[in-house]
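K.L.:
Single-letter residue listing:
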Amino acid sequence: MRSALGAPALNLLLRLKLRGMVRRQVRRLRTPKGFVLTLVGAGAFAAWIASLTVASFQPIEPLSGHVGELRVRAFGALLLLVSLSTALTNRGLYLPKAEIERLFSAPLARADLVRYRLLAGGLRSLLGGVVLGLFGARRLPNPPLAFAGIVLAMQILPVINQFVAIALGGIGQRASRLARRVGTGLLLGSLAAAGLLALSLASGRGPSRVPVLGTLARALDGGEDPLLHPLLGLVTAPLLPWVRAVMAETPGEFLPWFVLCLGLFALASEVCARLPVDFRELSLATSARAAARLSRARAGGGASATRADRSLARYRIPWLFGRGPAGAIAWRKCAGMARKAKGALWIALLALAFLVLFVDLFFDGPERALGAPVMIATLGTIYLCSGLRFDFREELERMDIVRAWPLHPARVFLAMLLPEVVLVAALLSVTVVLEAAARGTLGTPLLGVIACLPFLVFAWVALDNLVFLIAPVRHVPGQDGLVQNAGRRMIQMALLALLALLTVGLAWLAFLPASALARELGAGPGGELAAGTVAVLVVLLAVDAVLVFLGGFVLRSFDVARDRG
Amino acid sequence: MEGTATPPLVVEDLGREYERTRALRGLSFEVRAGEIVGLVGPNGAGKTTALRSIAGILPIQEGRVLVCGHDVARDDVAAKRCLAWVPDDPQPFDSLTVEEHLEFTAALYGLGDWRGRAAELLERFELAEKRGALGGELSRGMRQKLACAQAWLSEPRLMLLDEPLSGLDPRGIRSAREAIRQLARAGTAVLLSSHQLELIEALADRILILDRGRRLFLGTLAEARATLAGAGGPQSLEEIFLSATGGPPAEPGAGGEP
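Quick mapping for you: the protein sequence lines, in order, are chains A and B.
Per the working numbering, the first sequence starts with residue 352, numbered consecutively.
Per the working numbering, the second sequence starts with residue 791, numbered consecutively.
Since the hints were derived computationally from the structure, they do not count as laboratory data.
Among these hints, one or two may not hold up.
To be verified - No farther apart than 30 Å at their CA atoms in a straight line, the calculated lysine-lysine pairs in the DSSO-like style are these:
no. : chain 1 : residue 1 : chain 2 : residue 2
1   : A       : 368       : A       : 448
2   : B       : 920       : A       : 448
3   : B       : 920       : A       : 693
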């Protein structure tokens, strides 16, 4: 027997899974640690939602008319592009590994499996729709109507995603590889476009030092650029019903568009469920790939969670850190970075380019010579180290092997972190030099920043790894234990920020007397800066040495038998 | 420190507790050079915990472990240089090729002139054709063979093997068994944990039976028969094991349930 929403057994499975999720959350609340983490995580989430809700009641000049529609269209197009990019990379019908073989072998119609998946995807995007609605509705002409419109618009995304993923299910292997590449390119392009849009809006209407930002800002503000409007209009024309529902000012204006969107949603869902494509083989491959990715993410996350590139295995990895036991550990890390970090490095370069544009918004005077590189170095270190996780954070599944290595734990700690530190410091050094060269601010302050960078990066990576080794956890974003892990991450970040501030404070305390002493001794501004930099270097070196010692201690007492669930 | 008569492995009163569970209680034994000791016990008996404690992976909570005369708790680096460990579920590095795993191991243990021996081990463990494959591409059996090749490369004085044959095909099982025998003949002390009792029976000079963290028996198979077997004459290790650790599982319909 079937209901309008699909096979009852699948609906039951969905309900049972939801109940299981709630049950696991309740179980977590029973331990003191789980309770505290839930409290922090849920408290932060509730505070965020509350702030969005309160903000939605604050008066703000709403976007309306042509400018508003243009911005809503641009944002909608970006969301659609991101959704399409995942459809191209994960084709077929995605079902978790634990379910796929059982469900494919069960007496169920293919259409019912698709409906089940759409329902699960719809529940996920409902939450996303509510958050986006709370965030965006206040900027639109009629917030309650806009909220309903946004929630409904978010529901169509998984349907379109699934439609494309299934429709492309029948293409050959070569086309399949091409589709994956196009998907990745689309994702990167969408992220770049989103970044540019955000920066152009932040840079305001005035003439920006970066021409493209100024052009985009003017285009989004009503259209001085004749090229962008027709193009944007054409590309985003299919989004019109949803845009009109979101932009409606009165219920009378809203209702017809809302009903049309609802109808399109139902029609698209049904067409998607009835697509005559046998997606089983492709789905099995997609599911296995996703399971492997999740497993790698559970073991480390970030760039280290990508699969090593087979084609790069034929190149020898140079032994940059010597041929001894510690050099061997660092060499292995270098091999991981060389063979796995290609995609992450592209994203890192993109992010650094945006960081340079972002920093440009803050400085417009003589302070930029020191301020810009310091800001790039600080934000860049935090961002790059969270993505390039070629350190202990990718070793949780292998800590028993690491513990068995015949090497002092402090040396293991140092060797594990060095390659990542060198890579991040090199990337940031090149970025600050290029930025300063482009702005004509190359000079002594920049040299000081570059000299301190490796030690600063090491301190941050070492602190991050210390915190991880003290309280390690396997977690994949978006998976089970989301609230607790949000809480854990917040506590960890607070601790990290505190320790980092302490380090920076110590460095500053060393900088001041050293540069004052140089001034007393008659040194010029260059000499003062040099003396201060040397003092900072000494402090950072001492901090790094203490961190290596502590890392060794924590590694020695690391208990591999403890469950990191 | 390292006397010639010192057995490669001496375990004295080894104990360990996980939160509220007692995993090992007062475990004492030694493994002499060239000897193979088979470690058997039911699930949760403490076999892997014992092996991991000896390998220096778990901190020693109670008792003492001497590897080649080095106290694992005080001088773990020197102890680890003398031993090799094959885990029950090896996780190779997914970004290194099979050959690079051996290169890494050679550098880690400071081995000179290792290439000839590595080539020999790749042949022995049927990895020669996979030498360029990445660790993440290997099947369960191949991962096991790679872990064995890495362990054999450093020519350890003490070899700790935790279920070394799981996942291997019949040919792999045969060559691994032969490799273990050869290792012992060359003077290496071997502590071999396995649920495959016929393997232990075929290879081990002595048998150590653990149950709930305690040593139930340590001795040769003949001594086990004399001590633990009933009056029914010669018995297999499986029968001895089952009777020592609480009797055989009930046959279907043998009682209990109506």
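K.L.:
Next step is simple, just say for each hint if it's right about the structure.
P.N.:
Results of checking the hints against the structure:
Taking the CA atoms of residue 368 (chain A) and residue 448 (chain A), the gap is near 15 Å; set against the 30 Å cutoff, the hint holds. A distance of roughly 28 Å separates the Cα atoms of residue 920 (chain B) and residue 448 (chain A); the hinted pair therefore holds under the 30 Å criterion. A hinted pair counts as satisfied when its Cα atoms are at most 30 Å apart, and residue 920 (chain B) with residue 693 (chain A) qualifies at roughly 24 Å.
The structure agrees with every numbered hint stated previously.
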